[in-house]
Each structure stands twice: as C-alpha cells, then as structure tokens.
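Number of protein chains: 2
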Amino acid sequence: MILYGRNPVREALRGRRRVHRAWATERAARELWLTGIPVQRASAEEIAARCGSPAHQGVCAEAEGFPYVGEGDLLAREPRFLLVLDELQDPQNLGAICRSAEAAGVDGVAIAERRAAEITPAACKASAGAVEHLRIARVRNVADFVLAARERGLWAYGAALDAPRAYSEVDLSGGVLIVVGAEGRGLRPRVAGACDELVRIPMRGRVESLNASAAAAILLFAVPAP
Amino acid sequence: MILYGRNPVREALRGRRRVHRAWATERAARELWLTGIPVQRASAEEIAARCGSPAHQGVCAEAEGFPYVGEGDLLAREPRFLLVLDELQDPQNLGAICRSAEAAGVDGVAIAERRAAEITPAACKASAGAVEHLRIARVRNVADFVLAARERGLWAYGAALDAPRAYSEVDLSGGVLIVVGAEGRGLRPRVAGACDELVRIPMRGRVESLNASAAAAILLFAVPAP
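Protein chains in written order, with this note's numbering: chain A, 1 to 226; chain B, 1001 to 1226.
Hints are computed from structural coordinates only; laboratory data are not their basis. Do not rely on the hints blindly, as some may be mistaken.
Unchecked claim - Some residues of chain B that are not near chain A, with every Cβ distance over 10 Å (derived):
(1) Gly1036
(2) Glu1071
(3) Glu1118
(4) Val1170
Unchecked claim - Using C-beta positions, here's what the derived DEER-type ranges look like:
(5) Arg1050/B <-> Ser173/A: 45 to 55 Å
(6) Arg1165/B <-> Ala49/A: 41 to 51 Å
(7) Gln89/A <-> Pro1224/B: 27 to 37 Å
What the hints assert, rightly or not - Some, not all, of what chain B presents toward chain A, calculated at C-beta under 7 Å:
(8) Ser1100
(9) Glu1102
(10) Gly1105
(11) Ala1130
(12) His1133
(13) Arg1204
(14) Gly1205
(15) Arg1206
(16) Val1207
(17) Ala1217
(18) Ile1218
(19) Phe1221
Given the structure is predicted, the values throughout are model-derived calculations rather than measurements. Here a beta-carbon is modelled for each residue, glycine too, at the ideal position from N, C-alpha and C.
All chains should be modelled from the sequences, with the hints used to inform the complete structure.
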C-alpha cells in the first residue's frame, strides 16, 4: 500500500507496520523524522503519479497492508472503551472518525468486513496517521460483535436520531461501546437491536442531522476518562 | 452563485436568499421539494459542467450570493451563543463546522473577512445546506469582534491545545462565544489574548490534535441548551 502525506508516513514509521521505502521531494526529504528507510528523491509530479493523489505534501511510502487485529483480539484484552462503525461508506469519514477515536483514547475500533469503507491510504490521510496507533478489527457481523462485547461487560450505546434519551442523560462511565451508523442511514435494525440503549444527540437547529464524523466526535468525547 | 447537491438546493429554497432557477436530471426533477422556481432538464454531465463538481447529485441552482449579515447585526440581537472561526482555510471544514453549529443551535457565526475560507458552493455542500439557516458575518478583525462580544456580556472561550483547563471544567452556560482557530495552526496570539479563557480538549492518544471540525463539534455540543 502506498501511503502519502507527512502525518500518515511519519506515524506509520512510529507505528506497527513495516514501511519499505519512501519517495520524497528535495524539501520533504530534509525533514528530520524521515529516517530508518531508504528515501528516493522524486518530483512532486512523480509522487502524485505513484500515490494517485495530489495531497501528498511531497512524500509517499510503500508499506505493508494495514495491520488489522482479529475480532477476538479486540475483545480479549478487557477493553473498556470501544467504537463500532456500522457500514460507513466513505474512507474520508472513516479516517476522520479514527482520528477522533484515537484522540479520545478508545481501546479499539470495529468496522464491518463487507459493504464498508476500509483503511485505505485516503483513510490514513484523513486520520492524520492516527490509524497507525489504533487497534482496528474488521468484523464479520456487526450485531454479533456488539452482543459479544456486551457479554464481556461493556454497555453498548447506539446513536439514533429518534432515540428517547439524549447521550448526556446516560451514564457513559465504566466500560462502553459506542455504535455509529452509516452516513445518512443510521444503524441497521439488527445492529440497533443489539445495543443496550439508543441515544440521540439533541438537535437544536432546522437541519436534521450531523455528519457521521461530528456525531462520533461528540459521543466519543462525552465518555469520561477511565 | 451556482449551488449544487440535493440538501444545499433544498435548504436554499427553504432559506433566505433568492434562487433564480435550477437544472436537474430527469430523476432529480421528480423530487417533490424542487418547486417554486423554473427547473430545466439537464444531463448529469451538463450539470457537472455548470457547477464544476461531480458531487451534484443531479441538481444545481443559480442563486444570489450568500446573504451574510453585518458584523453589528450579529451582536445587536442579544445573542447567547456565538461561534467565531479564526482564519479557517478549507471551505469543506468551514461547511462541516457550520453544519454542527446550526445543529447545536448557535445564534450566529463570525468568520474572518480576509485570508479565510468563505461560504462557497463547496462550503454549502459540506454543510448539507445548514448555512442557509445560519446568521454568518464576515468580520474585519476577529480579535476586535471577540472583545465587542464580551462587552455584550458573552464569555469568550478559545480552543487551545496547551490551555491549563479542559473545556469540561469550565461553566459553558449563560452566554458564550466559542473561538476556534485554523487547521493545524490554532488561534493567532491576538485572538487568543482577546478571549476570557483558553480551554483544551483533553487528548488521550498519541496523535496530538483533532481536526478543526471535530474540535468545533465537541465544544459546541458541550454548551448546554439555554
């Protein structure tokens, strides 16, 4: 996988996966963090052609695929704070949400294995490299994963526009799983049904919903530090 | 200005500015909300060429420029909840933040008049049309605006990574102004200095900052309903 952009490449070098080599412009190659791997000089145009994006900031790198953890691994270490994303479609949204999740201190993120965005280079870029420090699992069945997490003692809160209680009225301390649905569609019924409770973010304006990334940030940061 | 996308065009029709006419594909033209203006059938390619974006969802419309309110107007109506954006650069971020601000129920948004993103069609799209229902002013001097708002009785909280107190430790009720800085740069010193207090969003991960849109959503929704 060809990662691109300063933060994504830097965090990959600080993270878990193998980074084989990088291509950098004269200017980007002088940055002090770009060490430990072979770096080849390249023009901005060559880098854009290699990574397929103009947003490379003068650097791209060849790395192994994203190091997902297993579904079981996510639950094995007694997590206290997990995020589940139900069929999110947009890699940019996925990346932005992962950035907020990492900053909020989640123990891991579960995403759907099928019909959902994956951790692509665009998602890595949107996360500012935060995905490199996150445990992310692709799960076969999102509803089953929610139920399995509940068996481990986590309380599962799903975001829903029409839920009777607001997130600020529930107790988010002591082990929670936040479940956020796809852009514009929300949670699938079986996933909503697998949660302990649905909560809404109170809307005080005329436009009826937040984007998935804003909703996730609000809920994740409402969870108190352990 | 050529607006594009279903939500932006629909909300513009529900909002304050004049919309002169629309172009829509056969399919989009059948949507019930697209009424009250002349609608011309067009192919997806023609619409893309007219609005300059592939993200038009089958509809674009010619509307007058965004109806900013005056700087004084924003303060004249005894606002209790304002958002100030200090030289935000990216129209997508500006739009996403405006969507969260509208949903959070702000009385208005102030953006810098120069060296800052404006309410472009891309910003309207990223806001899902929420800008049509927001009072937005372009202010000449952001720091002066913050001071003027404080004279009106608002308490100004600026977001800063290294602030001693967390936003959750301060009283956000009873009339506040939230001030958020540019992507990756934060508040300019004079703007930070104009605030009553700087607050941070506690970071619990390894990556050091949130994106401006997530930070704004978290702070805006931490403000209690009046």
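Here is how each hint holds up against the structure:
1. Every CB of chain A is more than 10 Å from the CB of Gly1036/B (nearest about 18 Å), matching its label as outside the interface.
2. The claim that Glu1071/B is not at the interface with chain A holds, since no C-beta of that chain comes within 10 Å of its own (minimum 22 Å).
3. Residue placement check: Glu1118/B keeps its beta carbon more than 10 Å from all beta carbons of chain A (closest about 20 Å).
4. For Val1170/B, the requirement that its beta carbon stay farther than 10 Å from each beta carbon of chain A is met, with the minimum near 15 Å.
5. In this structure the supplied range 45 to 55 Å holds for Arg1050/B paired with Ser173/A, their Cβ-Cβ distance being about 52 Å.
6. A C-beta distance of roughly 48 Å is found between Arg1165/B and Ala49/A, which places it inside the suggested range of 41 to 51 Å.
7. One distance hint, 27 to 37 Å for the beta-carbon pair Gln89/A and Pro1224/B, holds here, with the actual separation near 33 Å.
8. Look at Ser1100/B: its Cβ gets to within about 5 Å of chain A, closer than 7 Å, so that hint holds up.
9. Because the beta carbon of Glu1102/B sits about 4 Å from the nearest beta carbon in chain A, less than 7 Å, this interface hint is met.
10. Look at Gly1105/B: its Cβ gets to within about 3 Å of chain A, closer than 7 Å, so that hint holds up.
11. Below 7 Å, beta-carbon pairs count as interface contacts, and Ala1130/B has one with chain A at about 4 Å; its hint therefore holds.
12. Taking 7 Å as the C-beta cut-off, the interface hint given for His1133/B holds, the closest approach to chain A being about 5 Å.
13. At its closest, the beta carbon of Arg1204/B sits 3 Å from a beta carbon of chain A; the interface hint therefore holds under the 7 Å criterion.
14. Because the closest C-beta pair between Gly1205/B and chain A is about 4 Å apart, less than 7 Å, the hint holds.
15. Here the hint on Arg1206/B is kept, as its CB sits about 5 Å from the closest CB of chain A, short of 7 Å.
16. Against a cut-off of 7 Å between C-beta atoms, the interface hint on Val1207/B holds, since the closest Cβ of chain A lies about 4 Å away.
17. The criterion of a C-beta within 7 Å of any C-beta in chain A is met by Ala1217/B, whose closest approach is roughly 4 Å, and the hint holds.
18. The closest approach between the C-beta of Ile1218/B and any C-beta of chain A is roughly 5 Å, which is under the 7 Å cut-off, so the hint is satisfied.
19. At a threshold of 7 Å, the smallest CB-CB gap from Phe1221/B to chain A is about 5 Å, leaving the interface hint in force.
In this structure, none of the earlier numbered hints is contradicted; all agree with it.
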